[in-house]
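**Q** Could you slot chain B onto chain A? The hints should help.
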Amino acid sequence: MSNNIPTNTVYTPEQVASMLQLSKNTVYDLIGRGEIVAKRIGKVYRVPASSLSFMFTGLDADLYTAEQTDLKALPLVHKELSAVRSKS
Amino acid sequence: MSRSVLPIRVFVDSDVIISSLISPSGAAFLLINKTKDVELYLSNFSVTELERVTKRLDIKPEKLSSLIETRLSYLEIEQSYEAVQKQFADYVRDTHDAHVVAGAKHAKAAFLVSYNIRHFEAEKLRQDFQLILLAPGMFLQYLRSL
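These protein sequence lines are chains A and B, in that order.
Each residue of the first sequence is one higher than the one before, starting from 1 at the first, in the working numbering.
Each residue of the second sequence is one higher than the one before, starting from 89 at the first, in the working numbering.
Next up, chain A with everything else stripped away, as it sits in the complex:
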């Protein structure tokens, strides 16, 4: 299923532009519109890996979290479902 989002990692807008194959200006524009959430530190921005969830997991951050929530109970769900199906 999904890969993990690297924790404790931040990127510069230039790095993000390279990773997403966008121009630097586009990345700054996306930061300005809030589509990429970044932290302004003085005059520069840093983008946490969690803002780039889609790149690492294929899912937006909220969907990734929601899926992880389901995955916690999934082993039990599959165990019971398999037991029921095997008796059908």
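It should be emphasised that the hints constitute simulated quantities derived from the structure, not laboratory data.
The calculated PhoX-like cross-link candidates involving lysine-lysine, where the alpha carbons are at most 25 Å apart (straight line), are:
id, chain 1, residue 1, chain 2, residue 2
1, A, 72, B, 143
2, B, 151, A, 87
3, B, 174, B, 193
4, B, 193, A, 87
From chain B, some residues computed to sit far from chain A (all C-beta separations above 10 Å):
id, residue
5, 97
6, 123
7, 124
8, 135
9, 149
10, 154
11, 157
12, 159
13, 160
14, 165
15, 167
16, 174
17, 212
18, 216
19, 218
20, 234
Note that beta-carbon positions come from the ideal geometry of N, C-alpha and C, so glycine has one too.
**A** Relative to the frame of chain A, chain B by itself:
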């Protein structure tokens, strides 16, 4: 790009339905309770196994019946369980999952949403039935791209 007017037909595997009953913040819950223009299907075989699994997991039966009545479209597969297992054996790793494929085909679904991705022959489903197999999160991500 704007969303098509026609609702998207989706067959939902039982693991997704059970997950939606367990966690109100999971992707399965979001799929079943928070999407629009999506028709979600289950079959008579699904209902039978869901009733058994919810009992084993101590989930109130009213929660399941309410969900089926309000959000899910029911379809009756008239073939026997054994006939379904035989007909759809090539699409699953375990023939006990064959009824899920049968349900998706009967529903004329464009998507089969399951947390059991590895148990299905995804490429064969796509080629033979134009049926795309996705986990709930990926399907929700797809909806956002429309």
